[in-house]
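From first to last, the protein sequence lines are chains A and B.
With our numbering, the residue at position 31 of the first sequence is 31, and numbering never jumps.
With our numbering, the residue at position 331 of the second sequence is 723, and numbering never jumps.
It cannot be assumed that every hint is accurate.
Said to hold, decoys possible - Capping the alpha-carbon separation at 30 Å, the derived lysine-lysine pairs in DSSO-like fashion look like this:
(1) B:K437 <-> B:K622
(2) A:K322 <-> A:K230
(3) B:K403 <-> A:K27
(4) A:K127 <-> B:K413
(5) B:K424 <-> A:K11
(6) A:K32 <-> B:K519
Rather than coming from a laboratory, the hints here were simulated on the basis of the structure.
Protein chains: 2
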Amino acid sequence: MYEFVYCTPTKVVFGENAESKLGGLLKEYGAKKVLLHYGGGSALKGGLLTRVRWLLEEDGIAFVELGGVKPNPRLSLVEEGVALCKSEGVDFIVAIGGGSVIDSAKAIGMAIGTGCAPWDLYSGGAKPSATLPVGVILTLSASGSEMSNSSVITNDYTQVKKGCTAEVSRPVFAILNPALTFTVPPYATACGCADIAMHTMERYLSGGNSLRVTDAIGEEIVRTVTACAKQLVKNPQDYEARANVMWAGSLSHNGLTGCGGDGGDWATHTLGHELSALYDVAHGAALTALWGAWARYVYRNVLGRFYTFAVQAMGVRPNGSKEEIALKGIEAVEDWFRAIGLPTSIGGLGITLTDEQVRDMAHRCAEHCGGVKGSCVALKEEDMYEIYKAAL
Amino acid sequence: MYEFVYCTPTKVVFGENAESKLGGLLKEYGAKKVLLHYGGGSALKGGLLTRVRWLLEEDGIAFVELGGVKPNPRLSLVEEGVALCKSEGVDFIVAIGGGSVIDSAKAIGMAIGTGCAPWDLYSGGAKPSATLPVGVILTLSASGSEMSNSSVITNDYTQVKKGCTAEVSRPVFAILNPALTFTVPPYATACGCADIAMHTMERYLSGGNSLRVTDAIGEEIVRTVTACAKQLVKNPQDYEARANVMWAGSLSHNGLTGCGGDGGDWATHTLGHELSALYDVAHGAALTALWGAWARYVYRNVLGRFYTFAVQAMGVRPNGSKEEIALKGIEAVEDWFRAIGLPTSIGGLGITLTDEQVRDMAHRCAEHCGGVKGSCVALKEEDMYEIYKAAL
Numbered sequence: 001m002y003e004f005v006y007c008t009p010t011k012v013v014f015g016e017n018a019e020s021k022l023g024g025l026l027k028e029y030g031a032k033k034v035l036l037h038y039g040g041g042s043a044l045k046g047g048l049l050t051r052v053r054w055l056l057e058e059d060g061i062a063f064v065e066l067g068g069v070k071p072n073p074r075l076s077l078v079e080e081g082v083a084l085c086k087s088e089g090v091d092f093i094v095a096i097g098g099g100s101v102i103d104s105a106k107a108i109g110m111a112i113g114t115g116c117a118p119w120d121l122y123s124g125g126a127k128p129s130a131t132l133p134v135g136v137i138l139t140l141s142a143s144g145s146e147m148s149n150s151s152v153i154t155n156d157y158t159q160v161k162k163g164c165t166a167e168v169s170r171p172v173f174a175i176l177n178p179a180l181t182f183t184v185p186p187y188a189t190a191c192g193c194a195d196i197a198m199h200t201m202e203r204y205l206s207g208g209n210s211l212r213v214t215d216a217i218g219e220e221i222v223r224t225v226t227a228c229a230k231q232l233v234k235n236p237q238d239y240e241a242r243a244n245v246m247w248a249g250s251l252s253h254n255g256l257t258g259c260g261g262d263g264g265d266w267a268t269h270t271l272g273h274e275l276s277a278l279y280d281v282a283h284g285a286a287l288t289a290l291w292g293a294w295a296r297y298v299y300r301n302v303l304g305r306f307y308t309f310a311v312q313a314m315g316v317r318p319n320g321s322k323e324e325i326a327l328k329g330i331e332a333v334e335d336w337f338r339a340i341g342l343p344t345s346i347g348g349l350g351i352t353l354t355d356e357q358v359r360d361m362a363h364r365c366a367e368h369c370g371g372v373k374g375s376c377v378a379l380k381e382e383d384m385y386e387i388y389k390a391a392l
Numbered sequence: 393m394y395e396f397v398y399c400t401p402t403k404v405v406f407g408e409n410a411e412s413k414l415g416g417l418l419k420e421y422g423a424k425k426v427l428l429h430y431g432g433g434s435a436l437k438g439g440l441l442t443r444v445r446w447l448l449e450e451d452g453i454a455f456v457e458l459g460g461v462k463p464n465p466r467l468s469l470v471e472e473g474v475a476l477c478k479s480e481g482v483d484f485i486v487a488i489g490g491g492s493v494i495d496s497a498k499a500i501g502m503a504i505g506t507g508c509a510p511w512d513l514y515s516g517g518a519k520p521s522a523t524l525p526v527g528v529i530l531t532l533s534a535s536g537s538e539m540s541n542s543s544v545i546t547n548d549y550t551q552v553k554k555g556c557t558a559e560v561s562r563p564v565f566a567i568l569n570p571a572l573t574f575t576v577p578p579y580a581t582a583c584g585c586a587d588i589a590m591h592t593m594e595r596y597l598s599g600g601n602s603l604r605v606t607d608a609i610g611e612e613i614v615r616t617v618t619a620c621a622k623q624l625v626k627n628p629q630d631y632e633a634r635a636n637v638m639w640a641g642s643l644s645h646n647g648l649t650g651c652g653g654d655g656g657d658w659a660t661h662t663l664g665h666e667l668s669a670l671y672d673v674a675h676g677a678a679l680t681a682l683w684g685a686w687a688r689y690v691y692r693n694v695l696g697r698f699y700t701f702a703v704q705a706m707g708v709r710p711n712g713s714k715e716e717i718a719l720k721g722i723e724a725v726e727d728w729f730r731a732i733g734l735p736t737s738i739g740g741l742g743i744t745l746t747d748e749q750v751r752d753m754a755h756r757c758a759e760h761c762g763g764v765k766g767s768c769v770a771l772k773e774e775d776m777y778e779i780y781k782a783a784l
């Protein structure tokens, strides 16, 4: 096991109708003027946004609004949010949505908190050392951004997608009402479940052993989303299944699944970010399209971890050699992706790439991650090219 | 599942030599004058206290000291600590030890923070709404107090033991170095492992279902301490085993094992506190002496939970009726207690009680908990008497 720091102060308020506590939470954290930040669909469905406006008006909390966040949230909207917050004297941001909205809110918050240009915080040009506080009303279980220290923004001027890791960016509170995800469409539900599994697998399928409880949490998160994703295809309003996925999503990316581990591999995310940025693919689908190719490229290097994962998380019977079991585990993950309607290749995303485009994507990917990525295998540009090619 | 609030902001710094980061942490939290609070043995062993003094001197952080905390920490020493902190202008408390030292530090911190008499915070006479910040260097894996919102103090004037639950009492940081527990004697190691299992079981063996990940965390914590306690009897310096027990201990009582549950049963703790207060029994041993009698008294009411616990946490094969499996699970827990040298009866503690003493203990227990305790069965004084009697 490895040494670690774990610090996840986000206050979670979990349960049906939890959003009714918004006013009290905002007062607890001293909010005077709030930015309500959202995308479109999820905040408007079932009248959530209208209810939130009423709640704030009842509690006498002033607010302004900025909607329009899109998947793979754009730098240009972040800049608009920063300008709005400055001109309106906003001191607290409430993100109503999923990972894209939360990440957009985090970017706005850090830009205001530090006084830096937002892209500088993502490109490494400025240190994300302060932020406006961000609270969340979650409407999509997927990114885990509601408790995480990270966010990802796409620079829509250059088509570069970059992440920022900063402890200050953990939301101060997260309102988790599973019923708010009842209306999430099947494909988005599936993408979310895959994303949750991937956050866990990035940490689990990595070099070295971890702590027992850490592994058990990771295994159960994967078992939970694989089982519940199938249940939710049949009954999208299954409260227990939505609740289990929601809590699994928050725990998958809040640090807990990494305690004692080596920090994780994260190559699939890096490869996926490039694919998303260039071809505007949903984050979860980009990951499932590439994961199998990555897994088969690296598993021999960390065979023990792939073996244990296959048996404990994917329920593969331990009959056969370690390598056979590990490969069956990889197949089981891909079978699950397919069962919930997700692609297991770039072709499955409806994208056909020339060899030149693949070379270019690998080149950009290596460039944006500083040349090397991954702990199972430290991937260089040539490895990235091979994995993209195997995933075509 | 039930709605819940989860908020555990304690910053954990985990790993070999983690205590070397003390100075940096104290500066991060703005400490100017520190109280080093400790018991005796564990802080002095291996020169830990001497090293801590050097670290603070090197970093130019002023400090005073108060040692002498005993198991079942005493109110009188808390009062002494309050007087010392006031006269010395202490603004931060560092607890070096296990649960007793941490709880004593919490009591001192809250008394200073609120300006109230410390016992009023435990008897319900005053609200624990503020505290001096408390940091921890853990030397015993057991209570989970290093991340928890609770503490227990014994009023040594009246022999009443009472707990206080307050969010403000969560330590701001916890330094967890498994190597600092190498010298914990076998009996204390066993008591600690039992305490960790009990914190988990109090929440798991309770009314109603919880969330999947919550159950899985509880099950693995119990599997971890049952396996590692046996390993540590053979090799007390097994770093991996100490690390696994240490992290299991912190997670067992930081709120995570209760997310989505009904709040837990806690009757065994309530019954055990009375036994500890009257006869000065180690906390863990008091719990194991009573647990079997409690479990057999209540299990039929929550048979499903006892059944699942038996299979998932204790490895009982699911052959037989649910009731048979549940009872085998109870036996397996008691077998484990015995295997690591812990009592499974009050007689096993070397204590012989008259019927009058049992009646008196049940009466005091009911009185101190407000008449009723437990969610599996809401125990009244007569039930408490029956359980104590069955545990003789």
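*Hint numbers the structure violates, sorted upward?*
none
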